[in-house]
Amino acid sequence: MPARWFASIAAALMASSAAAAPTPPPAAAPQDDGNWAMPAKNYASTRFSELTEITSDNVAKLQVAATFSTGALRGHEAAPIVFGDTMYVVTPFPNRVFALDLTKPGLPAKWSYDPKPVPAAQGIACCDVVNRGAQYYDGAIYFATLDGQAIALDAATGAERWRVKLGDINKGETITMAPLVVKGKVLVGNSGGEYGVRGWLTALDAKTGAQVWRAYSTGPDKDVLIGPKFAPFYPAEKGQDLGVKTWPPEAWRIGGGTMWGWISFDPELNLIYHGTANPGPWNPEQRPGDNKWTGGIFARDADTGEARWFYQSVPHDLFDHDAINELVLLDAQIDGKPRKVLVRPERNGFLYVIDRTSGEVLSADAYSHVNSTLGIDLKSGRPIHNPEKEPKLGQVVRDICPTAPGAKDWNPSAYSPQTGLLYIPHINLCMNWESLEANYIAGTPYVGANTVSFAGPGGNRGEFLAWDIVQRKPAWSVKEDLPLWSGALATAGNLVFYGTLDGVFKALDARTGELKWQFKTGSGIVGQPISYRGPDGRQYIAILSGVGGWMGAIVSGELDARDPTAALGVANAVKDLPQRTTKGGMLYVFALPR
Amino acid sequence: MRRATGYGRRATVRSRSLLPVAVATVVALAACHRENRHFTAPPGTELSPPQQSMSGLVAGGESVEFRKQQGKEYEGNAYHMGEGKRLFQWFNCSGCHANGGGGSGPALMDDRWIYGGEIDEIYLTIVQGRPNGMPAFGGKIPSQQIWQLAAYVRSMGGHGPKSARPGRDDHMQRDSEQGRRDQPINPAAPPSSTD
Numbered sequence: 088m089p090a091r092w093f094a095s096i097a098a099a100l101m102a103s104s105a106a107a108a109p110t111p112p113p114a115a116a117p118q119d120d121g122n123w124a125m126p127a128k129n130y131a132s133t134r135f136s137e138l139t140e141i142t143s144d145n146v147a148k149l150q151v152a153a154t155f156s157t158g159a160l161r162g163h164e165a166a167p168i169v170f171g172d173t174m175y176v177v178t179p180f181p182n183r184v185f186a187l188d189l190t191k192p193g194l195p196a197k198w199s200y201d202p203k204p205v206p207a208a209q210g211i212a213c214c215d216v217v218n219r220g221a222q223y224y225d226g227a228i229y230f231a232t233l234d235g236q237a238i239a240l241d242a243a244t245g246a247e248r249w250r251v252k253l254g255d256i257n258k259g260e261t262i263t264m265a266p267l268v269v270k271g272k273v274l275v276g277n278s279g280g281e282y283g284v285r286g287w288l289t290a291l292d293a294k295t296g297a298q299v300w301r302a303y304s305t306g307p308d309k310d311v312l313i314g315p316k317f318a319p320f321y322p323a324e325k326g327q328d329l330g331v332k333t334w335p336p337e338a339w340r341i342g343g344g345t346m347w348g349w350i351s352f353d354p355e356l357n358l359i360y361h362g363t364a365n366p367g368p369w370n371p372e373q374r375p376g377d378n379k380w381t382g383g384i385f386a387r388d389a390d391t392g393e394a395r396w397f398y399q400s401v402p403h404d405l406f407d408h409d410a411i412n413e414l415v416l417l418d419a420q421i422d423g424k425p426r427k428v429l430v431r432p433e434r435n436g437f438l439y440v441i442d443r444t445s446g447e448v449l450s451a452d453a454y455s456h457v458n459s460t461l462g463i464d465l466k467s468g469r470p471i472h473n474p475e476k477e478p479k480l481g482q483v484v485r486d487i488c489p490t491a492p493g494a495k496d497w498n499p500s501a502y503s504p505q506t507g508l509l510y511i512p513h514i515n516l517c518m519n520w521e522s523l524e525a526n527y528i529a530g531t532p533y534v535g536a537n538t539v540s541f542a543g544p545g546g547n548r549g550e551f552l553a554w555d556i557v558q559r560k561p562a563w564s565v566k567e568d569l570p571l572w573s574g575a576l577a578t579a580g581n582l583v584f585y586g587t588l589d590g591v592f593k594a595l596d597a598r599t600g601e602l603k604w605q606f607k608t609g610s611g612i613v614g615q616p617i618s619y620r621g622p623d624g625r626q627y628i629a630i631l632s633g634v635g636g637w638m639g640a641i642v643s644g645e646l647d648a649r650d651p652t653a654a655l656g657v658a659n660a661v662k663d664l665p666q667r668t669t670k671g672g673m674l675y676v677f678a679l680p681r
Numbered sequence: 018m019r020r021a022t023g024y025g026r027r028a029t030v031r032s033r034s035l036l037p038v039a040v041a042t043v044v045a046l047a048a049c050h051r052e053n054r055h056f057t058a059p060p061g062t063e064l065s066p067p068q069q070s071m072s073g074l075v076a077g078g079e080s081v082e083f084r085k086q087q088g089k090e091y092e093g094n095a096y097h098m099g100e101g102k103r104l105f106q107w108f109n110c111s112g113c114h115a116n117g118g119g120g121s122g123p124a125l126m127d128d129r130w131i132y133g134g135e136i137d138e139i140y141l142t143i144v145q146g147r148p149n150g151m152p153a154f155g156g157k158i159p160s161q162q163i164w165q166l167a168a169y170v171r172s173m174g175g176h177g178p179k180s181a182r183p184g185r186d187d188h189m190q191r192d193s194e195q196g197r198r199d200q201p202i203n204p205a206a207p208p209s210s211t212d
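Chains as they are written, first to last, in this note's numbering: chain R, 88 to 681; chain G, 18 to 212.
Hints in this document: simulated from the structure, not taken from any laboratory. Fair warning: there could be bad hints in the mix.
The calculated lysine-lysine pairs, modelled on DSS-like cross-linking and capped at a C-alpha distance of 30 angstroms, are [stated by the list, open to error]:
hint, chain 1, residue 1, chain 2, residue 2
1, R, LYS332, R, LYS479
2, G, LYS157, R, LYS662
3, G, LYS157, R, LYS258
4, R, LYS203, G, LYS157
5, R, LYS203, R, LYS148
The structure presented is a predicted model; accordingly, all values stated were derived computationally and were not measured.
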C-alpha cells in the first residue's frame, strides 16, 4: 500500500472520528493560552493541552530542561501550576510553596512560603500526607494545608493575603485537595473519612477568605443546602432530611462524605459539580441505610451552593468506594441527540455518563474487572450488589474486585477532543475484607475493617486505558505491572503522558497506545503531568516525582508488608515497591532540544 | 506442657548435672508468670500519670526506675499481652498502625523506634502522645490497659517469650494470594455493560 494513500485514509479516519468526538463546553474549556492555572487545566477538567510543538513524531527527542528539589519526601500528588513566567509548586506536608522563575536557566525560586502546619496533623492523614495542588486565580495562589487551613498568597511576591482555619485535627479533619476558584469563590473541602469526620465543601471569598457558604454531606437539608430548587432525577434521592433519615440515630454526625477530590464548573449552567466520599465507618453493618449524601455527585449553584441535583452512585457503600473522582464535562451526541454530560470513571469500576443538567445516568459501563457489583440498574440508577461479596461481621469475604481504592482512585484521567478518548490511569487489584466493630474516639481512626489487597485477574496490577466515549468501549490499553497512581495528560501533539509507581514517565501515541518515549525519574510518580508554553514560546512538559500516597505509602511511610493489612491493606499488593524505588521529591521539566 | 516436662525431668537428671534443673526451673517460673492474671492494677498505678512531663523529675511517684519495674509485670505475660491485642483494636490503634505493619502511623513490628522501644518508653508514648501525629491517650485509657497495650506492641516485634505472645492473624491471606494470579477470578467478569 502506498504510504501516501495510507496516510490519507488515516487522516480521513481521524477527521471522521473527530467530527463525532464529544467536545468540552467552550465556556468551561476556553482556547488554550499556554498557561496551566489549575490542576485540571480548565473547568471542564479535560487535562488537555492544545500545544503542538511536541508530537508523537518528535517526542523521542524529549529531554530534561530543568529540575527542582522540593525538599519533601512524601507522596507528591500535586500538579505544578503555571501562569505567565512563573511555575508554582506546593509540596506534601509541610506544604511549602515555591514560585519558580521560568525566564531564567535552572528555574531559580522567586520566593517560597512555609505555612508551618501543625505536625500532629500527620497522624490523621489516612493515606500519606499528600497535597493535590494549588490554583492561580486573579493574581493569587490558593492552596490548603494538611492541618485544615486555606491560604491565599500574592502570586508576585508570595506575601500572605489571608489564611483561614477550616478544619479541626481533633475531630480528625485534614485537607489534601486542590481548591478550585469559581467566580471569586474558593471551593475547598475536608478529608478524614477514616476518622469519623462529617464531610463538607466550603466556599470562601477569594479576596478576603470570609466564608460564603458551607454545604455538609450529611445531616438535615438546611446543612446540606438542599432547598426548593433541589430536583434529583431518581426517587431514592427525593424526600426530606434524607441526610438524617438514611442513618442510624445520630450516625450522620460522624458519617464521613468528605470532599477531597475534584470539582468541575459549567459557566453556562452556572453549576459546580463535586463528589462526596465514603461513609464511615467502613464496616457497613454499623450504618444500615443509604447513608445520604455520601458516595455520590452533587450539582450545586455556583453562587449560593444550593443543591440542584444529586446522584448516589454508591448508596450504602460496602467497600470504601469514595465518589470523589474527576468529572469531565463534555457535550456529546448520544442516541442522535445532543446531550450535556459529565463523565466519571468511578471507583466502583463503572464509567458513568450522566446528563449534567438533570443527574440522569445515560450509561454506566464496567471499565475494569468488577465482581462486587453486577451492573447498574439504569431505571433506578442504583448498583446491583453481588450478595456473595457483601461484607459480614465475623467473616472474611474473599476475592472482592475492585479493591478498596477502587478500580481507579483520585488520580485523574485526561480527555482529548481530537481522539474522543478518555485516558484512564487505573488499578487492577482485588481484596479480602473482614469487618470489625469500629469504636468512635474523636481524633482517632474510625474504620472497622481489615483488608488485604492483591493483583487482580491477569496479574497486571495497573492499566492505562483509552476509553472511547461514543462507542462505550476500550480503544486500546496498556497493561502496567504496578498499580497506576499518577494522573494523565493529553496533548494536541497526539500524545498522552503518565508516570508509574517506580518512577518511569511515559509518552504514548494517543491513537494507538504505542510507547514513544520514556524517562526514569528519581522516585515513583504519583503526581499530575502538565504541559505549558514557556516565556520563550516553547512547549514544556512537567511532572513531580516522589512516591507516596495510599498506594506508595509502603515506601514513603517505611511500612512493613509482613503485615498484609498494612496501609489499610494495600501494602500487600505492592510488596516489591521498596526494592524498585525510594523516597524523593523532584520536579522534572522536559522540552525538545533547541 | 513445658511445666510438666520440667518437673518430670527433675528426678532423673539430678545426679548428672544441675544445668537442666536450672533451665527447667526458669522455664517453669516463666510459665507461671506467663499465666498470671492481675485483674486489678497493682496499688498506686490505677491513675493515669500526668499527661505531659517536661522534666526528668516527677513529684510523688513515677520515676523511671519505678516504671521499668512496672513494665516487667506486663512483659512476657500472656494474659496482659492478649488483653493488649484486644485493646489495640478497641482503641483504634490498628486504624493507624494496622496489625503492626503501619499505615498513617509507623510500623511497630520492625526494629526502628522513633521514641524508644522499651516497654516503659512505649507506655509513655501512648500516655503523652508524640508531636508528629501520635495522639495522647493519657486520661482516656486506664493505666493498666496502657501497660497491656505496650506489652502487646513490644510483642509485635518478637519481644517477650514466644510461648506467651498472642498468635498471629493469618486468616486474612491464603497462600494462593501471596503473589500474582494468572487465572481470572470470574471468567464472566471482563468489561461488560448493563443497560
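A quick look at each hint next to the structure:
Among the hinted pairs, R/LYS332 with R/LYS479 is consistent with the structure: their alpha-carbon atoms are about 23 angstroms apart, no more than 30 angstroms. Only pairs whose Cα atoms come within 30 angstroms are accepted, and G/LYS157 paired with R/LYS662 is rejected, the gap being roughly 36 angstroms. Simply put, G/LYS157 and R/LYS258 have alpha-carbon atoms about 16 angstroms apart, close enough for the 30 angstroms limit, and the pair holds. For the proposed pair R/LYS203 and G/LYS157, the alpha carbon gap of about 29 angstroms is at most 30 angstroms, so the pair holds.
For the given pair, R/LYS203 sits about 41 angstroms from R/LYS148 by alpha-carbon distance, which is inconsistent with the 30 angstroms threshold.
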